[in-house]
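There are 2 protein chains.
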Amino acid sequence: MTDHTLKAFDDEIVELRGLISEMGGRAESAIDRAVEALSRRDLDLARTVVAEDKRIDELEIAIERLAVQIMTLRAPMADDLRETVAALKIAGVIERIGDYAKNIAKRVPQISRSSKIEALSVLPAMAELASDMLRDVLNAFAARDWQAAVEVSNRDRAVDDFYNSIFRTLLTFMMENPATIGEAAHLLFIAKNLERIGDHATNVAEMVYFAARGEYMPDRERGEPAV
Amino acid sequence: MTDHTLKAFDDEIVELRGLISEMGGRAESAIDRAVEALSRRDLDLARTVVAEDKRIDELEIAIERLAVQIMTLRAPMADDLRETVAALKIAGVIERIGDYAKNIAKRVPQISRSSKIEALSVLPAMAELASDMLRDVLNAFAARDWQAAVEVSNRDRAVDDFYNSIFRTLLTFMMENPATIGEAAHLLFIAKNLERIGDHATNVAEMVYFAARGEYMPDRERGEPAV
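Those sequence lines, one after another, are chains A and B. For the record, in the first sequence the residue sitting at position 9 is 9 according to the UniProt record's numbering, with numbers rising by one throughout. For the record, in the second sequence the residue sitting at position 176 is 176 according to the UniProt record's numbering, with numbers rising by one throughout.
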């Protein structure tokens, strides 16, 4: 590559990282606000989260376009190629995380203001674990820090444990209060969405690891999704 | 491109299509067999579906590698570039569909042999709709047939309607039979997995449309995921 193409390439990689960072920030915020809307039964906030998911989708398209442009015009090698492919794939994962947050927000109107289901008070802590995983794994991507990525993937077990506990609690609650089964089913799905966000953050961790090292994260360090 | 590179490029595109077709066939079969395992409570078949998901994951890696190789070495233009990017993204979606099928298979041991939950007899028909969508949208990709892709995306509504009906039926059943709530919750998630497979087939339809036409499928033809 000439100095000129090298400069253009570096600019594009910086732009790509910036887009991933913006997209990730929006997805984190969507998770946090969806669960806040749920806790406060704030229908306006829930609608905002749903509406703003469009912006996350647009960012995915922008990232894909730029990553493909880099691959076809710059034909990057080794580390740079792996980082570009990782950016493309990570954008796809963040888009799905945005969808999970949107799905949580869409369920808010199904939960009555007077609901006494105890899982409701536990979900924000679970959401924080998942949202922190997303933030930290994107920082690991920006820093090309594969050790930080492994650390994030190890935290998925805590999210799975949270989910299993909420699942059992909700089933017990349903059995004892059959009238609340409708609401409780929506909370089951919300907990499942958060559990899936943890899985997806773990997938991103695997992509960061591969981009940084050129080999796949060993299986014993990878989380298997919970049933 | 020289005749020689053109030939190599054509060979690679043919190989890419072949891999997508094999991967898609495996995912379809995984859906069908997971639901068959559920209907017959066949734990051996369920374990086979779980074990064979590894092969689907390996095919995703092979497709990604080949698509990136085509983009960086051949720098394809217009239609060919869109098809290559679509193949890369479709492989990611099929991988997730495989995960949904695996997740259904993993839940089979949670449903007792004597279960009388009526949703069980309806799930195979719903699975067939979703599995047919996947088969037809991959045929549309192979044929670069955007009209067939639109037709598949329109069928997602039927899958959503099925899901909503099963959701209501299961909730009623749970209220009337609190002792079955555990099993019924697993069936709720299985129905949700099938509904998500329909959404993902719709996403593939949008990718096929874009690859063939160079513009996005109009919104009115796109299915919004159900809550």
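By construction, these hints were calculated from the structure, which means they are not laboratory data. One or more of the hints may lead you astray.
In this list, chains with the same sequence are indistinguishable; a pair is considered to hold if it fits within one copy or across any two.
[Said to hold, decoys possible] Calculated lysine-lysine pairs in the BS3-like style (CA-CA distance at most 27 Å, straight line):
(1) Lys106 <-> Lys116
(2) Lys192 <-> Lys116
(3) Lys106 <-> Lys54
(4) Lys116 <-> Lys7
(5) Lys106 <-> Lys192
(6) Lys7 <-> Lys106
(7) Lys7 <-> Lys54
Fair warning: this is a prediction, and the values are worked out from it, not measured in the lab.
Hint check results:
Taking the closest pair of Cα atoms, Lys106 and Lys116 come within 27 Å of each other only inside a single copy of the chain (20 Å); across copies the shortest separation is 32 Å, beyond that limit. Taking the shortest alpha-carbon separations for Lys192 and Lys116, both the intra-copy value of 20 Å and the inter-copy value of 25 Å come in at or below 27 Å. For the identical chains of this complex, Lys106 and Lys54 are intra-copy neighbours only, at 14 Å inside a copy versus 34 Å across copies, given an alpha-carbon limit of 27 Å. Within a single copy, Lys116 and Lys7 get their C-alpha atoms no closer than 59 Å, and across copies no closer than 67 Å, so neither meets the 27 Å cut-off.
In this homomeric assembly, Lys106 and Lys192 come within 27 Å of each other (Cα to Cα) both inside a single copy, at 14 Å, and across copies, at 15 Å. In the homo-oligomer, the alpha carbons of Lys7 and Lys106 never lie at most 27 Å apart, since the shortest distance is 44 Å inside one protomer and 50 Å across protomers. Taking identical chains as interchangeable, the C-alpha atoms of Lys7 and Lys54 are never at most 27 Å apart, the minima being 32 Å within one chain and 41 Å between chains.
When the structure is compared with the earlier hints, violations turn up for hints 4, 6, 7 and for no others.
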